[in-house]
Amino acid sequence: MTAPHLVSGPHLAGGRTLHGIMLQVCLALLPATLFGVGLFGWPALNLLLITVASALAFEALALRLAGKPLFPDLGDGSALVTALLLALSLPPWAPWWIGVLGGGFAIVLGKQIFGGLGQNPFNPAMLARVVLLIAFPVELTQWATPHPLFAAGSPGFLEGLQITFMGVPNVDAVSGATLLGHVKTELGRGVELSAALGHYDATQALLGMKGGSLGETSALLILLGGLYLLARRIITWHIPVAMLAAIALPATVMHWIDPLHHAGALYHLLTGGVMLGAFFIATDYVTSPSSPAGQVIYGAACGLLVWIIRSFGGFPEGVAFAVLLMNGATPLIDHWVRPRIYGRDRKGQPLTVAREKRS
Amino acid sequence: MPLHPIKGGVHPEGHKAQTNAAPIARLPLPARLFVPLAQHIGLPAEACVREGQQVKKGELIGSAQGSVSAAVHAPTSGTVLAIAPYTAPHPSGLPLLTVVIDPDGKDEWADLHTPRDPFDLMPEEIAARLAAAGIVGMGGATFPAAVKLSTAVQKHVDTLIINGGECEPYLTCDDRLMRERADQIIDGVRILLHAIGHGRALIAVEDNKPEAIDALRAAARGFDPIEIVPVPSLYPMGSEKQLIFALLGREVPAGALPAQLGVTVQNVATAAAVSEAIRHGRPLLSRVITVGGAVRVPQNVEALIGTPMQALIDFCGGFTEPPARLIMGGPMMGHVVPNMQVPVVKGSSGLLALTARDLPETKARPCIRCGSCVQACPCGLMPLEMAARIRQDDFKGAAAYGVTDCISCGSCAYVCPSHIPLVQYFNHAKGHLALEHARERQAAEIRALTEAKKLRQAREAEAKRARALAAKQAREKAAASEKTP
Amino acid sequence: MILAIGSVTLLGVVLGLVLGYAAQKLRVEGDPLVDELAALLPASNCGQCGFAGCRQAAEALARHEAPVTLCPPGGKAVAQKLAERLGVSADLSGMSDRPKLADVREELCIGCTKCAKVCPTDAILGAPKMIHYVLSDACTGCGACIDVCPTEALLLEEVVPSIRTWVWPKPVAEAA
Numbered sequence: 001m002t003a004p005h006l007v008s009g010p011h012l013a014g015g016r017t018l019h020g021i022m023l024q025v026c027l028a029l030l031p032a033t034l035f036g037v038g039l040f041g042w043p044a045l046n047l048l049l050i051t052v053a054s055a056l057a058f059e060a061l062a063l064r065l066a067g068k069p070l071f072p073d074l075g076d077g078s079a080l081v082t083a084l085l086l087a088l089s090l091p092p093w094a095p096w097w098i099g100v101l102g103g104g105f106a107i108v109l110g111k112q113i114f115g116g117l118g119q120n121p122f123n124p125a126m127l128a129r130v131v132l133l134i135a136f137p138v139e140l141t142q143w144a145t146p147h148p149l150f151a152a153g154s155p156g157f158l159e160g161l162q163i164t165f166m167g168v169p170n171v172d173a174v175s176g177a178t179l180l181g182h183v184k185t186e187l188g189r190g191v192e193l194s195a196a197l198g199h200y201d202a203t204q205a206l207l208g209m210k211g212g213s214l215g216e217t218s219a220l221l222i223l224l225g226g227l228y229l230l231a232r233r234i235i236t237w238h239i240p241v242a243m244l245a246a247i248a249l250p251a252t253v254m255h256w257i258d259p260l261h262h263a264g265a266l267y268h269l270l271t272g273g274v275m276l277g278a279f280f281i282a283t284d285y286v287t288s289p290s291s292p293a294g295q296v297i298y299g300a301a302c303g304l305l306v307w308i309i310r311s312f313g314g315f316p317e318g319v320a321f322a323v324l325l326m327n328g329a330t331p332l333i334d335h336w337v338r339p340r341i342y343g344r345d346r347k348g349q350p351l352t353v354a355r356e357k358r359s
Numbered sequence: 001m002p003l004h005p006i007k008g009g010v011h012p013e014g015h016k017a018q019t020n021a022a023p024i025a026r027l028p029l030p031a032r033l034f035v036p037l038a039q040h041i042g043l044p045a046e047a048c049v050r051e052g053q054q055v056k057k058g059e060l061i062g063s064a065q066g067s068v069s070a071a072v073h074a075p076t077s078g079t080v081l082a083i084a085p086y087t088a089p090h091p092s093g094l095p096l097l098t099v100v101i102d103p104d105g106k107d108e109w110a111d112l113h114t115p116r117d118p119f120d121l122m123p124e125e126i127a128a129r130l131a132a133a134g135i136v137g138m139g140g141a142t143f144p145a146a147v148k149l150s151t152a153v154q155k156h157v158d159t160l161i162i163n164g165g166e167c168e169p170y171l172t173c174d175d176r177l178m179r180e181r182a183d184q185i186i187d188g189v190r191i192l193l194h195a196i197g198h199g200r201a202l203i204a205v206e207d208n209k210p211e212a213i214d215a216l217r218a219a220a221r222g223f224d225p226i227e228i229v230p231v232p233s234l235y236p237m238g239s240e241k242q243l244i245f246a247l248l249g250r251e252v253p254a255g256a257l258p259a260q261l262g263v264t265v266q267n268v269a270t271a272a273a274v275s276e277a278i279r280h281g282r283p284l285l286s287r288v289i290t291v292g293g294a295v296r297v298p299q300n301v302e303a304l305i306g307t308p309m310q311a312l313i314d315f316c317g318g319f320t321e322p323p324a325r326l327i328m329g330g331p332m333m334g335h336v337v338p339n340m341q342v343p344v345v346k347g348s349s350g351l352l353a354l355t356a357r358d359l360p361e362t363k364a365r366p367c368i369r370c371g372s373c374v375q376a377c378p379c380g381l382m383p384l385e386m387a388a389r390i391r392q393d394d395f396k397g398a399a400a401y402g403v404t405d406c407i408s409c410g411s412c413a414y415v416c417p418s419h420i421p422l423v424q425y426f427n428h429a430k431g432h433l434a435l436e437h438a439r440e441r442q443a444a445e446i447r448a449l450t451e452a453k454k455l456r457q458a459r460e461a462e463a464k465r466a467r468a469l470a471a472k473q474a475r476e477k478a479a480a481s482e483k484t485p
Numbered sequence: 001m002i003l004a005i006g007s008v009t010l011l012g013v014v015l016g017l018v019l020g021y022a023a024q025k026l027r028v029e030g031d032p033l034v035d036e037l038a039a040l041l042p043a044s045n046c047g048q049c050g051f052a053g054c055r056q057a058a059e060a061l062a063r064h065e066a067p068v069t070l071c072p073p074g075g076k077a078v079a080q081k082l083a084e085r086l087g088v089s090a091d092l093s094g095m096s097d098r099p100k101l102a103d104v105r106e107e108l109c110i111g112c113t114k115c116a117k118v119c120p121t122d123a124i125l126g127a128p129k130m131i132h133y134v135l136s137d138a139c140t141g142c143g144a145c146i147d148v149c150p151t152e153a154l155l156l157e158e159v160v161p162s163i164r165t166w167v168w169p170k171p172v173a174e175a176a
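Chains as they are written, first to last, in the numbering used here: chain C, 1 to 359; chain A, 1 to 485; chain R, 1 to 176.
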């Protein structure tokens, strides 16, 4: 036996690793990703690959600049997950430089300047998305309609490359407003909800055969991915359930009070980035509270904010903003909301000894 | 009886089958015995033998010092070779004053005082005999049993919990003890109940030990106040605070003793030692220790206190491969052995030879705030927050997050995906906070001493002045009276 | 524009009055800083810092005229606390973690009691012509006894770490 150096227990491996967790998240996102690529064709795939490559490249650059070794950090999968989530929330036919800039903003602005893994206060993917939205509103609101891969009328491989690198030839022909965007505009114009919804079909919304972000259209596949994460104990139920409930509840109440101007719970839950937000984005470890009670508060507040922004705000989609706002509140929640310590009351004082008379 | 689920906890792989099937083996007399004078919580015992002295088996070689201490006895007959500092079975590798005994091979007992009937003894007598027998908690905490019993009697405890949990992986010494010496354990429990005077005993055994449960139930048949309670197999179910909550649904308040709740907890091996001491007058001289991991014949061994670890490994056929780490205790809370010559002491529950395959990754990664540690902590703490503060040497901040309530069970570090040495951070902080506390107390006492000295000097100066004034007045009076005729 | 200038000026005047009033009404009398610093020092007035007593050292510290490493008997612990209270960063590398305590070399002690008289905490036990002994719990390492001993029987020695004082070291910083 070699001379023992002082090392503390436990002397037993628990089995969980960083890259193991990241891998599980990527696996959970795979169905929605494949579906999105299938639904929107080659340009979507190009955007996805470019975003991922950009994120990895910027991560390598940042590590180099910081004087840290490239591995294991580059290989731990965190940059991959960030890039994947960002790509899934982008318009599917966005140009290549959106992907590059997005990857750069997410990794450099969103993570590395704060000190790297575990140090960022804001969700990197959402930070990048919001920066892109505000800086390049046109490109970020051009929503391609579904052009399934290999279908007639969809761009081929070369055409896809052209769309990604040279722009969409006739934008208006191939894009259209998302349901959220359309409803917002119509309600703003004074049109009643039922007319604005038009031929909205909840089943279609669940399955995802509609326009929207690259990976957010199929609420069902994302839900399945989220349930997979729950089953593998990568996430706990607190944030997703709280967030979905906090969207469904006010939506239901307001829809009951004023059905002409407020959509119901199902509409909200199945459109936009709510499912992705509830299971994959709000549950981000680094930027969410660490205690179960804190997570419920955080999730509920995220959900409420999403509903408020969608109903009363200027933007049709509120998930990114809601999550970023609550990220800012996370340290506060972590400070005030802590689990109760054994032997102490909620305030941290020792419990009083009360001798019960055993019957 | 209805049980209460404990918070957090983890389910490490048990590795119990390696050693739980074979009966306890008896280790032959080793060539030398190294008996430290400090094997317990409290002040070390003071040596009451000299170098060169002949001692008998069970003879007192170290007497307890102060109110929280324990006596130490010669594990076999022989000659005291030396009383000198020797490497302690402690992760620091620092020395402890140790009595080195050269066995004469005869294993002759000293005179034992066997009482007529343990149940005729008064509680104070039982406590006194336990103290004289040097019995300490053998689950690993090594708290002097006599002191615990006296406190329990004083606080009118009515529930005695006997801890047969053994939640650490690999360890099966308590399991085998319960299976093979159930009668002795029940006898010890009855004696303890008699000492307490009234009340019931709950023997808690994890449900992965069905044979032990059956053996204890058979031995306890007919003794109504004793109930055998199977508890869920979970780490750290064997931790005193967690066990009390699981059985009774009540928490020991922070800073309080279980006795204040009307409860006292003792390990099964301690109960067996109580029977040995009170019924047969024999002091604590040996214990069962699980030798596991990469040894040829992993098994439970009954070894004399003071046996070097090397003797245990040799008895088990040596290593199957050179171990990457040799641990004394269990893998969750055990410590690295400083060298192979350190002795078995009263709290040694296991000796594990772990290979690189068994061990966790040592390179720590950044904390990703996943919160697994918060979910795993059985005490309701937030290990990630405490560690973040300790990294910045903010011990007060860590204390505000409850680091002094941490039981160092290791559940948090076990689940951490970044392999952060959380327990080491907390032990570091707890050590510094304890030293700080002692320093502050000492500084306050020194300040008081300085003030007292100043007052004393002022009083002496005042007295001196008064004497000088009186002398002067006397001289003047004498001079004046000389003048007058 | 007149409205803008007027309103901001008015705001400034009002806030200035409020601040002035608060400065008068909420003034803190005396300087609690010196008291706090003095409480952190050992209070044995040994003089090793170069000041007459611990109170004077505290005053010098409060005026930032003395370094926080001025107190050898206090060691690293006191220096760290002083640095924390004063809000300064200090290079403590020259200070030892282990305190130094006085010890009597029995073969040289002549029992003159000079050391016992000068010890500020009465830590030295000894009657005339009897070998003296230092109570380590009461000794602050101020060194006053070392100076007066005629036979140099007293030494300041570093305390050897024992199991009782051993503390787990801090884990080495993690990767990245």
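Be aware that one or more of the hints could be misleading.
As the list claims (entries may be wrong) - Chain C side only, calculated, beta carbon under 8 angstroms to chain A, not exhaustive:
| hint | residue |
| --- | --- |
| 1 | LEU12 |
| 2 | ALA13 |
| 3 | ARG16 |
| 4 | SER175 |
| 5 | ALA293 |
| 6 | ILE297 |
| 7 | LEU351 |
Quick caveat, the hints were computed from the structure, so don't treat them as lab data.
Here a beta-carbon is modelled for each residue, glycine too, at the ideal position from N, C-alpha and C.
Tested hints:
1. Satisfaction of the interface hint for LEU12 of chain C is found here, the shortest Cβ-Cβ separation to chain A being roughly 4 angstroms, below the 8 angstroms cut-off.
2. Interface restraint check for ALA13 of chain C: the shortest CB-CB distance to chain A comes to about 4 angstroms, inside 8 angstroms, so the restraint holds.
3. Using the Cβ-Cβ criterion of 8 angstroms, the hint placing ARG16 of chain C at the interface with chain A is satisfied: the shortest such distance is roughly 4 angstroms.
4. Interface restraint check: SER175 of chain C against chain A, minimum CB-CB distance 38 angstroms, threshold 8 angstroms, status violated.
5. Of the supplied interface hints, the one on ALA293 of chain C is violated, with its beta-carbon coming no nearer than about 11 angstroms to a beta-carbon of chain A, more than 8 angstroms.
6. Contact between ILE297 of chain C and chain A, as hinted, is not supported at the beta carbon level, the nearest pair being about 14 angstroms apart and thus beyond 8 angstroms.
7. Restraint check, LEU351 of chain C versus chain A: the minimum CB separation of about 4 angstroms is within 8 angstroms; hint holds.
Checked against the numbered hints above, the structure breaks hints 4, 5, 6 and satisfies the rest.
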